[in-house]
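Can you make the complete structure from the sequences, with help from the hints?
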Amino acid sequence: MTIQTIPFTFPPSSDPSKFTHFGREVIGVDPGNLSSADYAEIEQLLYKYSALLFRNANLSPEQQYALTKAFDQASESYGHGNNKTQSTKKSILHPDLKTIPRVPQVQLIGNGTVYNHEGLETAPLKHPSHRTFHKTTVSLEDEAIGVTRFYRWHIDAALYDLSPPRVTTLYAIIVPQGPPQTCRYDDGTGDELTTMFDILPRELKSVAVRAKVRYAPHPYVWMAPAAAHSTGLAIETEGKEHALDELPPWTEDRIKVFPVTWKNPVTGALHFQVHPCGAQELFIDPLPEGTSRDGALYPDGAHLTNSRSVRLSLSLSLPPGGGLFSPCSSC
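The numbering used here numbers the first residue of the sequence shown as 7 and each following residue consecutively.
The reader is advised that the hints may include incorrect statements.
Think about it this way: if two alpha-carbon atoms lie no more than 30 angstroms apart in a straight line, the pair counts; the simulated DSSO-like pairs of lysine-lysine are [as the list claims (entries may be wrong)]:
id, residue 1, residue 2
1, Lys-75, Lys-218
2, Lys-269, Lys-24
3, Lys-246, Lys-218
4, Lys-75, Lys-269
5, Lys-246, Lys-54
6, Lys-132, Lys-104
7, Lys-211, Lys-269
8, Lys-269, Lys-218
9, Lys-54, Lys-96
10, Lys-141, Lys-218
11, Lys-24, Lys-218
12, Lys-246, Lys-141
13, Lys-132, Lys-75
14, Lys-96, Lys-218
15, Lys-75, Lys-96
16, Lys-132, Lys-96
17, Lys-262, Lys-141
18, Lys-132, Lys-246
19, Lys-246, Lys-75
20, Lys-141, Lys-96
21, Lys-104, Lys-75
22, Lys-269, Lys-246
23, Lys-262, Lys-104
24, Lys-246, Lys-96
25, Lys-104, Lys-141
26, Lys-75, Lys-54
27, Lys-211, Lys-96
28, Lys-211, Lys-262
29, Lys-132, Lys-269
30, Lys-24, Lys-246
31, Lys-54, Lys-269
32, Lys-24, Lys-211
33, Lys-246, Lys-104
34, Lys-262, Lys-218
Pair by pair, the computed Cβ-Cβ distance ranges are [stated by the list, open to error]:
id, residue 1, residue 2, range
35, Glu-147, Pro-231, 28 to 34 angstroms
36, Gly-152, Ser-83, 35 to 41 angstroms
37, Pro-186, Ser-83, 35 to 41 angstroms
38, Lys-218, Pro-186, 37 to 43 angstroms
39, Pro-186, Arg-299, 46 to 52 angstroms
40, Gly-152, Asn-122, 32 to 38 angstroms
Hints in this document: simulated from the structure, not taken from any laboratory.
All figures in this text were calculated on a predicted structure; none of them were measured in a lab.
Where a beta carbon is used, it is the ideal one built from N, C-alpha and C, also for glycine.
Following this line, the structure appears as structure tokens:
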């Protein structure tokens, strides 16, 4: 049977016109046993559609890591570093992840206590909730009728010392069933959907393609005392982040500066990929010589170091209708 694909099925609340090139279910191939020809086709499909689904797969941790590594042969570690999240108890990631002992590149996430799983005798797991990270929360009345929020817009990356993985894989062992939820983009507008970078207004696109983010050292430790904005896009500017001298040892040469937009190596499209919660500074290049400056923001470039300005600039690029679909962190 040759590899076939079918489009994702989206809920009635979504606008199908915004998802014509996002997501495909793959049929006719075992993701744990790909031939070189299969892999070449899967790679093209992933970069074209950003997310792929393989139903009824049966993967060992070794097979899952092999599948992920196939997209980046130079990679040897999980995106946050092997055996790192459990050893840094101050990190906001510490409660969310358990490392598979024999394959440290694979993490276990979920909710409840898991026993005797892939070398883990006992693994207490807790599903993250915006109630533990946001400054404000949805009302109990709204929560009772299925309203929730985006928890934290993010990249699966350490953002310090290590570069982001090309691909993220998620293997669902047990898929919980429950009533439908409404994910609210809680900025007060009532909007409940986000779509792609393509619909940003011209002046914000211009800033996005010229901008680079400098991330804080050990950003998940740095942001741990702070609370997030109700949209999950950034942390509130209250000065609660750890001071730099309170962080684990760090050096300037391991600080990461990444672009706001990333170019898809197959389609050539630009994808908005940024972790606003960990952003410390923003560099914006000047407009290229000869480019129209009419209506342009920061035409001469800028270096934003004020936390409020950095977060405001990034949030303006991500209104309802902005997006974070990335081929560099697909699953």
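Going down the list of hints, with the structure as the test:
1. Lys-75 with Lys-218: Distance ~27 angstroms between Lys-75 and Lys-218 Cα, so the pair holds.
2. Lys-269 with Lys-24: holds (19 angstroms)
3. Lys-246 with Lys-218: Holds - the C-alpha atoms of Lys-218 and Lys-246 are around 24 angstroms apart, at most 30 angstroms.
4. Lys-75 with Lys-269: Given that 30 angstroms is the threshold and the Cα spacing comes to 20 angstroms, the pair holds.
5. Lys-246 with Lys-54: Violated, at about 41 angstroms.
6. Lys-132 with Lys-104: Holds, because 10 angstroms separates the two Cα atoms, which is no more than 30 angstroms.
7. Lys-211 with Lys-269: With Cα atoms ~14 angstroms apart, Lys-211 and Lys-269 stay inside 30 angstroms; holds.
8. Lys-269 with Lys-218: holds (14 angstroms)
9. Lys-54 with Lys-96: Distance ~38 angstroms between Lys-54 and Lys-96 Cα, so the pair is violated.
10. Lys-141 with Lys-218: Within the cut-off at roughly 27 angstroms; holds.
11. Lys-24 with Lys-218: holds (26 angstroms)
12. Lys-246 with Lys-141: Roughly 12 angstroms between the alpha carbons, so the hint for Lys-246 and Lys-141 holds.
13. Lys-132 with Lys-75: At roughly 27 angstroms apart (the allowed maximum being 30 angstroms), Lys-75 and Lys-132 satisfy the hint.
14. Lys-96 with Lys-218: Judged against 30 angstroms, a Cα distance of about 27 angstroms means the pair holds.
15. Lys-75 with Lys-96: The hint holds at about 29 angstroms.
16. Lys-132 with Lys-96: At roughly 17 angstroms apart (the allowed maximum being 30 angstroms), Lys-96 and Lys-132 satisfy the hint.
17. Lys-262 with Lys-141: holds (27 angstroms)
18. Lys-132 with Lys-246: Given that 30 angstroms is the threshold and the Cα spacing comes to 25 angstroms, the pair holds.
19. Lys-246 with Lys-75: Measuring from Cα to Cα gives roughly 37 angstroms; hence the hint is violated.
20. Lys-141 with Lys-96: Given that 30 angstroms is the threshold and the Cα spacing comes to 19 angstroms, the pair holds.
21. Lys-104 with Lys-75: holds (20 angstroms)
22. Lys-269 with Lys-246: violated (34 angstroms)
23. Lys-262 with Lys-104: Distance ~25 angstroms between Lys-262 and Lys-104 Cα, so the pair holds.
24. Lys-246 with Lys-96: Cα-Cα ~14 angstroms, so holds.
25. Lys-104 with Lys-141: holds (26 angstroms)
26. Lys-75 with Lys-54: holds (19 angstroms)
27. Lys-211 with Lys-96: violated (36 angstroms)
28. Lys-211 with Lys-262: Status holds; Cα separation ~22 angstroms.
29. Lys-132 with Lys-269: Between Lys-132 and Lys-269 the Cα gap is close to 35 angstroms, so the pair fails against 30 angstroms, i.e. violated.
30. Lys-24 with Lys-246: Judged against 30 angstroms, a Cα distance of about 38 angstroms means the pair is violated.
31. Lys-54 with Lys-269: holds (12 angstroms)
32. Lys-24 with Lys-211: holds (18 angstroms)
33. Lys-246 with Lys-104: holds (27 angstroms)
34. Lys-262 with Lys-218: holds (10 angstroms)
35. Glu-147 with Pro-231: 28 to 34 angstroms: Holds: the Cβ-Cβ distance is about 29 angstroms, inside 28 to 34 angstroms.
36. Gly-152 with Ser-83: 35 to 41 angstroms: Roughly 38 angstroms apart at Cβ, these two residues keep to the hinted range, so it holds.
37. Pro-186 with Ser-83: 35 to 41 angstroms: holds (37 angstroms)
38. Lys-218 with Pro-186: 37 to 43 angstroms: Because 39 angstroms falls inside the window, the suggested range holds.
39. Pro-186 with Arg-299: 46 to 52 angstroms: For Arg-299 against Pro-186, whose Cβ atoms are near 47 angstroms apart, the range 46 to 52 angstroms holds.
40. Gly-152 with Asn-122: 32 to 38 angstroms: Because 34 angstroms falls inside the window, the suggested range holds.
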